[in-house]
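K.L.:
Single-letter residue listing:
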Amino acid sequence: MSSRPELQAPPEIFYDDVEARKYTSSSRIVGIQAELSERALELLALPDDGIPRLLLDIGCGSGLSGETISENGHQWIGLDISRSMLDVALERETDGDLILGDMGQGLGLRPGLIDGAISISAVQWLCNADKSCHEPRLRLKAFFGSLYRCLGRGARAVFQLYPENNAQRELILSFAMRAGFAGGVVIDYPHSSKKRKEYLVLTCGPPSLSTATPRAKGEDGSSCSDDESSGDEENQTVCISDRHRPRKKQKLTKKGKTRAWVLKKKEKMRSKGNVVPPDSKYTARKRKAHF
Amino acid sequence: MRLLTHNMLSSNIKGVINGFPLRIEAERVVEKQVDFNPDFLKNMFSKIDWKALADASKIMGYPELPDELPDSSLLDSDEFLHKFHHALLELHLEEGALVCPETGRRFPVNKGIPNMLLHEDEV
Ligand SMILES: C[S@@+](CC[C@H](N)C(=O)[O-])C[C@H]1O[C@@H](n2cnc3c(N)ncnc32)[C@H](O)[C@@H]1O
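Protein chains in written order, with the numbering used here: chain A, 50 to 340; chain B, 2 to 124.
Because the hints were derived from the structure by calculation, they are not lab data.
Among the hints, erroneous ones may be present.
[Said to hold, decoys possible] Calculated from the model, a selection of chain A residues having no Cβ within reach of chain B, i.e. all distances over 12 Å:
{"id": "1", "residue": "Arg70"}
{"id": "2", "residue": "Ser76"}
{"id": "3", "residue": "Arg132"}
{"id": "4", "residue": "Leu147"}
{"id": "5", "residue": "Asp164"}
{"id": "6", "residue": "Lys180"}
{"id": "7", "residue": "His183"}
{"id": "8", "residue": "Arg188"}
{"id": "9", "residue": "Ala216"}
{"id": "10", "residue": "Gln217"}
{"id": "11", "residue": "Ser241"}
{"id": "12", "residue": "Thr307"}
{"id": "13", "residue": "Arg319"}
{"id": "14", "residue": "Asn323"}
{"id": "15", "residue": "Tyr331"}
{"id": "16", "residue": "Lys335"}
[As the list claims (entries may be wrong)] Simulated pairs of lysine-lysine, PhoX-like, Cα-Cα distance not exceeding 20 Å:
{"id": "17", "chain 1": "A", "residue 1": "Lys315", "chain 2": "A", "residue 2": "Lys335"}
{"id": "18", "chain 1": "A", "residue 1": "Lys306", "chain 2": "A", "residue 2": "Lys244"}
{"id": "19", "chain 1": "B", "residue 1": "Lys33", "chain 2": "A", "residue 2": "Lys190"}
{"id": "20", "chain 1": "B", "residue 1": "Lys33", "chain 2": "B", "residue 2": "Lys112"}
{"id": "21", "chain 1": "A", "residue 1": "Lys180", "chain 2": "B", "residue 2": "Lys15"}
{"id": "22", "chain 1": "B", "residue 1": "Lys59", "chain 2": "B", "residue 2": "Lys33"}
[As the list claims (entries may be wrong)] Restraint ranges, calculated between C-beta atoms of paired labels, are given here:
{"id": "23", "chain 1": "B", "residue 1": "Val31", "chain 2": "A", "residue 2": "Arg70", "range": "21 to 31 Å"}
{"id": "24", "chain 1": "B", "residue 1": "Ser74", "chain 2": "A", "residue 2": "Lys243", "range": "25 to 35 Å"}
{"id": "25", "chain 1": "B", "residue 1": "Val31", "chain 2": "A", "residue 2": "Lys306", "range": "30 to 40 Å"}
{"id": "26", "chain 1": "B", "residue 1": "Asn116", "chain 2": "A", "residue 2": "Glu219", "range": "56 to 66 Å"}
Since the structure is predicted, the reported quantities are computational estimates derived from the model, not experimental observations.
Just so you know, even glycine gets a beta-carbon here, dropped at the ideal spot from N, CA and C.
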């Protein structure tokens with residue numbers, strides 16, 4: 050059984066009245082959405098001149114992310130495919146304008162006028178074919194192409210997303226690049242399974258200083274003590290091509306921890322004076338099931 | 002939906018070349034007060050399609066904007082900025098429709114939300 054909502058039903062079915070209400074009545078979800086939106090706005094790197102900008106919220110849902118935009122003083126237009134989610138946004142009296150629309154059909158917006166776009170946990174939905182007429186590649190192309198056109202030169206788009214696997218991440222990124230965007234993936238807290246969050250940061254226009262991918266959080270070892278690669282600033286952003294992390298080659302234990310990780314952890318516990326069993330060839334091996 | 006958004010939206014139907022501006026059918030218009038921010042207005046002024054805004058504002062029952070694109074020196078006038086502000090941000094199309102200028106396709110607006118979902122054969 051998968052817990053990924055994308056695999057259960059199309060978004061306009063999954064996010065029905067019941068789910069939409071659950072969404073905003075759960076303080077856990079509200080908190081997470083606010084945190085993700087705050088970080089996405091930060092990565093948008095709008096000029097710090099106090100002038101309110103006009104932003105898009107793609108997959109705006111119940112307007113939790115939009116509220117973060119409003120709190121930061123900006124105007125926004127939200128697009129979502131689920132009427133139930135938008136109805137909750139109406140009830141919450143969010144400040145932005147709401148549009149019922151499907152990003153996979155392309156955004157119908159005049160060119161070059163929008164100052165930036167954010168999207169929280171929505172774009173991975175495009176990778177599914179929910180109807181016989183859906184071709185994910187065409188939908189990704191329509192979406193990124195239209196987004197590129199409606200943004201102003203140098204404007205950014207930041208997508209927080211949960212790709213299902215590397216292939217999906219690469220697919221999404223490749224269509225963004227094909228549309229003309231520059232940028233990459235920022236992974237905050239890459240070593241923490243709970244806090245790990247992934248953002249696609251795109252800039253409209255040719256690569257320049259402003260298109261350099263921003264730095265990720267939690268890569269400096271301060272919050273994840275089992276991190277080796279601290280120090281070098283260049284290394285703080287984990288980029289898209291996850292090839293540097295040979296997942297398959299490493300032996301994973303049940304919880305997905307590698308032998309190297311376990312050895313390091315044990316060493317650390319030892320240095321704290323804890324009693325730790327000696328290392329052996331069995332260390333970090335998966336236990337056989339007993340009957 | 003405010004006229005700010007109307008001024009950005011265009012018809013996205015396959016084959017349509019000029020889908021802007023969408024014609025407004027206004028059944029119900031409401032006004033909601035928004036904080037006045039001259040910086041935002043000045044920033045938006047150069048992006049707004051003036052004629053579309055002035056026409057839309059008229060249809061929504063507020064014929065106070067000049068028909069022709071005003072000189073940007075008007076941005077120093079408080080009176081002008083307040084009218085611009087009211088038209089752009091405080092008038093909401095609550096019930097009605099947006100109509101594609103090329104094909105006549107109606108996009109209904111309910112409770113302030115335009116339904117821009119396309120049919121399969123329009124994509
Ligand atoms: C995880 S929710 C995000 C909620 C939102 N940020 C909020 O504050 O409530 C993802 C949203 O993406 C929307 N979505 C999924 N596919 C979409 C599509 N093709 N076009 C527009 N919105 C879509 C869903 O309807 C859902 O509301």
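K.L.:
State for each hint whether it applies.
P.N.:
A quick look at each hint next to the structure:
No Cβ of chain B approaches the Cβ of Arg70 of chain A within 12 Å, the least distance being about 17 Å, so the stated non-interface status holds. Listed as outside the interface, Ser76 of chain A is consistent with that label: its C-beta sits roughly 26 Å from the nearest C-beta of chain B, beyond the 12 Å cut-off. Its beta-carbon lying about 8 Å from the closest one in chain B, Arg132 of chain A breaks the requirement of being farther than 12 Å from that chain. Separation of Leu147 of chain A from chain B is inadequate, the least Cβ-Cβ distance of about 5 Å not exceeding the 12 Å criterion.
The Cβ of Asp164 of chain A sits about 8 Å from the closest Cβ of chain B, inside the 12 Å cut-off, so the non-interface label is violated. Listed as outside the interface, Lys180 of chain A is inconsistent with that label: its C-beta sits roughly 8 Å from the nearest C-beta of chain B, within the 12 Å cut-off. Chain B draws His183 of chain A into its interface by the beta-carbon criterion, the shortest separation being 10 Å against a cut-off of 12 Å. Some Cβ of chain B comes within 12 Å of the Cβ of Arg188 of chain A; the nearest lies about 9 Å off, and the non-interface call is violated.
Every CB of chain B is more than 12 Å from the CB of Ala216 of chain A (nearest about 25 Å), matching its label as outside the interface. Every beta carbon of chain B lies more than 12 Å from that of Gln217 of chain A, the smallest distance being close to 23 Å; the non-interface claim holds. Against chain B, the non-interface label of Ser241 of chain A holds: every CB pair exceeds 12 Å, the least being about 38 Å. Its beta-carbon lying about 46 Å from the closest one in chain B, Thr307 of chain A satisfies the requirement of being farther than 12 Å from that chain.
The beta carbon of Arg319 of chain A sits about 59 Å from the closest Cβ of chain B, which is more than 12 Å, so the claim that it is off the interface holds. With a least beta-carbon separation of about 57 Å from chain B, Asn323 of chain A lies farther than 12 Å from that chain, consistent with its non-interface assignment. Interface exclusion of Tyr331 of chain A from chain B stands, the closest Cβ pair being 58 Å apart, more than 12 Å. In this structure Lys335 of chain A is separated from chain B by more than 12 Å, as the shortest Cβ-Cβ distance comes to about 48 Å.
For the given pair, Lys315 of chain A sits about 17 Å from Lys335 of chain A by alpha-carbon distance, which is consistent with the 20 Å threshold. A distance of roughly 16 Å separates the Cα atoms of Lys306 of chain A and Lys244 of chain A; the hinted pair therefore holds under the 20 Å criterion. Note on Lys33 of chain B and Lys190 of chain A: the hinted pairing is violated, with a Cα-Cα distance of about 37 Å set against a maximum of 20 Å. Straight-line distance between C-alpha atoms of Lys33 of chain B and Lys112 of chain B comes to about 14 Å, which keeps the hinted pair within the 20 Å bound.
Between Lys180 of chain A and Lys15 of chain B the CA atoms are separated by roughly 19 Å; this keeps the pair inside 20 Å, and the hint holds. Distance check on the hinted pair: Lys59 of chain B and Lys33 of chain B sit about 17 Å apart at the alpha-carbon level, within 20 Å; holds. Distance hint check: the CB atoms of Val31 of chain B and Arg70 of chain A are about 25 Å apart, consistent with the given range 21 to 31 Å. Checked against the hint of 25 to 35 Å, the C-beta distance between Ser74 of chain B and Lys243 of chain A comes to roughly 56 Å, which is inconsistent with it.
Checked against the hint of 30 to 40 Å, the pair Val31 of chain B and Lys306 of chain A fails, with Cβ atoms roughly 57 Å apart. Between Asn116 of chain B and Glu219 of chain A the beta carbon distance is about 34 Å. The supplied range of 56 to 66 Å is therefore violated.
Of the numbered hints stated above, those contradicted by the structure are hints 3, 4, 5, 6, 7, 8, 19, 24, 25 and 26, listed in ascending order.
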